[in-house]
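Undergrad: Listed here are the chains, written in short residue letters.
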Amino acid sequence: MRRILVLFPAAAVAAVALLSLGVPVGAHHSEAPFYDSDKTVDIRGVVTKWVFRNPHPFLYVEVADEKGVKNEWVLEFVGPVRLIKVGWSATTFVPGETVSASGHPSRAPGTYGLSPLKVARADGTVIPGSGRGGANAPEAGRGGRGGG
Amino acid sequence: MAFPRRLFEAAAVAMVLLVGSGYLSIRLEAQAPAGSAAIPNLSGVWTRGGRSITPEQLPLNARGIALKEAIDESLAPMYDCVPATVPHILGDPYNFSIEQRPDRVIIAFEKDGVTRTVWLEGHGHRPATPNDYAVQGYSTGKYEKGQLVVETTKYTFDPGGLEDKPPMVPSSTQKKTTERYSRDGNQLTATVVMEDPLIMTEPVRFSFEFQPTKDALVEWPECDPVQSRAPLNYMPVNQLKYGIR
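Each protein sequence line maps, in turn, to chains X and B.
Using this note's numbering, the letters of the first sequence map in sequence onto residues 1 to 148.
Using this note's numbering, the letters of the second sequence map in sequence onto residues 1 to 245.
Any given hint might turn out to be false.
[Stated by the list, open to error] Below, simulated PhoX-like cross-link-like pairs (lysine-lysine); rule was C-alpha separation at most 25 Å, straight line:
(1) 39(X) / 241(B)
(2) 165(B) / 154(B)
(3) 85(X) / 118(X)
(4) 85(X) / 214(B)
(5) 165(B) / 39(X)
(6) 165(B) / 176(B)
(7) 154(B) / 68(B)
(8) 154(B) / 142(B)
(9) 118(X) / 39(X)
[To be verified] Distance windows between CB atoms, simulated:
(10) 236(B) / 68(X): 24 to 32 Å
(11) 134(B) / 65(X): 42 to 50 Å
(12) 71(X) / 216(B): 38 to 46 Å
(13) 30(X) / 225(B): 16 to 24 Å
These aren't lab readings, by the way, just hints derived from the structure by calculation.
All values derive from a computational prediction rather than experimental measurement.
By construction, the Cβ of each residue, glycine as well, lies at the ideal position given by its N, Cα and C atoms.
Make the full structure from the sequences, and use the hints.
TA: Okay, here's the thing in structure tokens:
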């Protein structure tokens with residue numbers, strides 16, 4: 001109980017600070033209903049399709065599991081306007097190229113959606129802006145945050 | 001000298017008619033350049049910067065509480081590429097531009113590629129009609145005490161019109177927003193009073209601050225309605241309120 005009492009003022013101060021800084025909260029939609037942030041998976045495969053459109057771009061990647069069974073994973077990124085501002089376009093990925101990614105998997109059984117934390121080229125180079133949050137979010141290099 | 005007197009009387013009557021009908025104010029307002037004391041210079045591209053204030057809780061009436069409970073994620077208009085509306089469109093981290101013309105103000109948003117036209121009063125624009133119901137409503141405006149005041153009515157029923165993030169709260173066709181844009185140096189402040197007497201017991205107030213940016217607006221890539229609904233497939237069926245997507 002004492003710990004709660006200690007934490008409450010700190011949380012209140014943090015909340016006020018966030019509001020006063022004008023940090024955008026929860027823009028567009030939250031990924032929580034769709035992706036399990038308690039899990040992280042790593043994939044590596046071949047790009048089959050790149051759809052750079054609103055509301056969110058999707059990257060389709062064919063991935064073979066340990067048994068050789070292929071599944072098409074679908075990576076959902078942040079809104080394309082935010083990505084355009086850091087240099088992304090309809091040619092950021094091309095079919096046939098190999099990529100690797102880590103991220104939170106979709107919640108529904110039998111689906112292969114991924115909310116990426118990062119996506120890398122075949123040589124391991126992480127693509128800036130490829131995370132929907134954290135260190136690789138589009139605004140991470142500019143000290144900002146955002147949703148959508 | 002009878003003729004000049006009648007001419008003077010006619011001129012006086014004409015003056016009264018012109019003022020009364022608003023035509024004289026058209027001329028006066030049109031001559032006042034943006035940036036004068038009466039008309040603030042709001043033109044340019046603006047980016048989020050500063051404080052934002054949003055109501056902690058909407059004062060819903062019984063109907064509003066029931067509607068909030070009934071609306072589920074699948075009904076979110078964004079899954080059909082339907083754009084956000086005021087005030088929520090001002091709260092997302094995208095830039096927007098303001099263009100002040102003599103008889104109207106154009107507000108263009110990166111978010112959802114929305115362009116709004118605010119018809120300034122006193123310029124002969126027709127009043128809103130029932131045919132003006134639209135997602136973004138029908139906006140009229142005026143300059144008052146150094147602020148641009150925008151009143152918008154004729155919003156269509158919107159599942160996320162009062163709150164567009166889960167849990168959503170819909171807005172009725174009685175939704176009305178009053179935006180006030182003011183500038184202090186390099187800070188643009190937009191306050192929004194949102195009311196909907198069919199769903200809320202009292203109006204609520206939002207406030208957003210913006211800074212000028214030299215960046216041009218990024219063109220909004222086309223929205224794909226099929227792709228837009230794709231994330232809903234990632235929700236387990238047992239987590240869907242009605243068991244249907």
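Undergrad: Which numbered conditions among the earlier hints are violated in the structure presented, ordered from lowest to highest?
TA: none
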